[in-house]
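For chain W, the structure is supplied; the task is to place chain F on it using the hints.
Same order as they appear, the protein sequences are chains W and F.
Per the working numbering, the first sequence runs over residues -12 to 175.
Per the working numbering, the second sequence runs over residues 108 to 173.
Keep in mind that the hints are not guaranteed to be accurate.
Said to hold, decoys possible - Here are some chain F residues the structure puts well away from chain W; computed CB gaps all over 10 Å:
1. E113
2. L122
3. Q129
4. Q133
5. E136
6. K139
7. K140
8. N146
Unchecked claim - Each computed EDC-like pair below joins lysine to aspartate or glutamate, with the alpha-carbon atoms no more than 16 Å apart:
9. W:K52 with W:E18
10. W:K118 with W:D84
11. F:K158 with F:E113
12. F:K158 with W:D107
13. F:K158 with W:E131
14. W:K50 with W:E139
15. W:K118 with W:E167
16. F:K145 with W:E134
17. F:K158 with W:E134
18. W:K40 with W:E(-5)
19. F:K158 with F:E136
20. F:K158 with W:D113
21. W:K52 with W:D19
22. W:K50 with W:E23
23. W:K52 with W:E14
Since the hints were derived computationally from the structure, they do not count as laboratory data.
Remember, predicted model here, so these are calculated numbers, not experimental data.
Each residue gets a CB set at the ideal place from its N, CA and C atoms; glycine is no exception.
Here is what each chain is made of, one letter per residue.
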Amino acid sequence: MPDGFAAEVYAHRADLLRIAWLQLRDEHLAEDVVQETFLAALKSGQSFAGRSKLKTWLIGILKFKIVDALRSRARDPIAISHMEKEVDVQDMDALFDEQGLWRSRPRGWDDPAFIAGQQDFLRIMDLCLEKLPPDTARVFILRELFEMESEEICGIASISPNHLGVLLYRARMSLRRCVEINWLSAMS
Amino acid sequence: MLNCREASHLLSDALDRALRPQEHSQLKEHLKKCPNCKNCRHHFLTLRSWKTAFLAGVNAAPDTTP
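Looking at chain W on its own, in the form it has when it is part of the complex:
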C-alpha cells in the first residue's frame, strides 16, 4: 500500500461525513459509517489513478454502509409518520397560479458561468440540501448521488413509488429555486 494512500482517503473525510450526516441526521452514526468506510477502503489497499476515481469508489462503499444503517432504522414508526408530512405538495402548488402557470418564472442559467463556478455550485447545493426537509434530501441523495433505482429507494424508505415521485419532485423544485436565488446573489 502506498504511504500516501491513507492521506488520500482521509482527504475526502469532510465530504463523506457531510453526505452521511444528510442521510442519517445523527453525528455519531455519521462518524461511524464514515469510519467503517475508511477501514474497508484501507483494508482493500486499492490504488487509484485519479482523485475523483478514489472518491467515487469511497462513495460506493459509503452507500452500502448508509443503506444498512437506514434499513436497520426503517422499523422506526416515527420516521414514517414524519415522511407523510413531507409528501404533501401544497407548498409546491403555490409556485403556480390558478391556470397552472409559473408565478415566478424559471430564468435561464448561464452555462459557462456555471461551469466556471463549480466550487460555488457545490457550496450552494450543500446549503440548499440542508434546507430541505430531511427525508426529501435523503431520497434526492439516494437517487442522484448513489444512483439508486426508484424501486430500491422505495424498499429502504418504505414508501410507494408515487410518494417517492412526489418527494423527488419536491426536492428538485425546492433545490431549483434555492440554487437560483443563491446563484444570482453570488454572481452580483
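Frame of chain W, contents of chain F only:
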C-alpha cells in the same frame, strides 16, 4: 394540453422512470412553446450534474497533492 405545473411534474418523473408515450408527446408539445419549462428542465439537469461536480471536487479538506 398540459399546463406548466403538470409539465414540471413530468419533467421530474422523466428523470426517474420512462414516461408513457402520451406523457412524452404532451411534454414535448408543451416544451416547444414554453421557454419557462425549458429552463426548468435545464435546471433539473443541472441538479443532476451535482453528482459529477461533487465527485470531482474537494471542499473542506485542503488538497495536498503536488
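Comparing the hints with the structure gives:
1. E113: 6 Å, violated
2. L122: About 8 Å separates L122 of chain F from the closest Cβ of chain W, which leaves it inside 10 Å; violated.
3. Q129: The claim holds: Q129 of chain F sits with its nearest Cβ about 17 Å from chain W, beyond 10 Å.
4. Q133: Correct as stated: the minimum Cβ-Cβ distance to chain W is 13 Å, above 10 Å.
5. E136: 15 Å, holds
6. K139: Check passes; 16 Å lies beyond 10 Å.
7. K140: Nearest chain W Cβ is 12 Å from K140 of chain F, so the label holds.
8. N146: N146 of chain F is in fact no farther than 10 Å from some Cβ atom of chain W, at 4 Å.
9. W:K52 with W:E18: 11 Å, holds
10. W:K118 with W:D84: 24 Å, violated
11. F:K158 with F:E113: 26 Å, violated
12. F:K158 with W:D107: 14 Å, holds
13. F:K158 with W:E131: 7 Å, holds
14. W:K50 with W:E139: 13 Å, holds
15. W:K118 with W:E167: 14 Å, holds
16. F:K145 with W:E134: 24 Å, violated
17. F:K158 with W:E134: 9 Å, holds
18. W:K40 with W:E(-5): 11 Å, holds
19. F:K158 with F:E136: 30 Å, violated
20. F:K158 with W:D113: 12 Å, holds
21. W:K52 with W:D19: 9 Å, holds
22. W:K50 with W:E23: Roughly 11 Å between the alpha carbons, so the hint for K50 of chain W and E23 of chain W holds.
23. W:K52 with W:E14: 15 Å, holds
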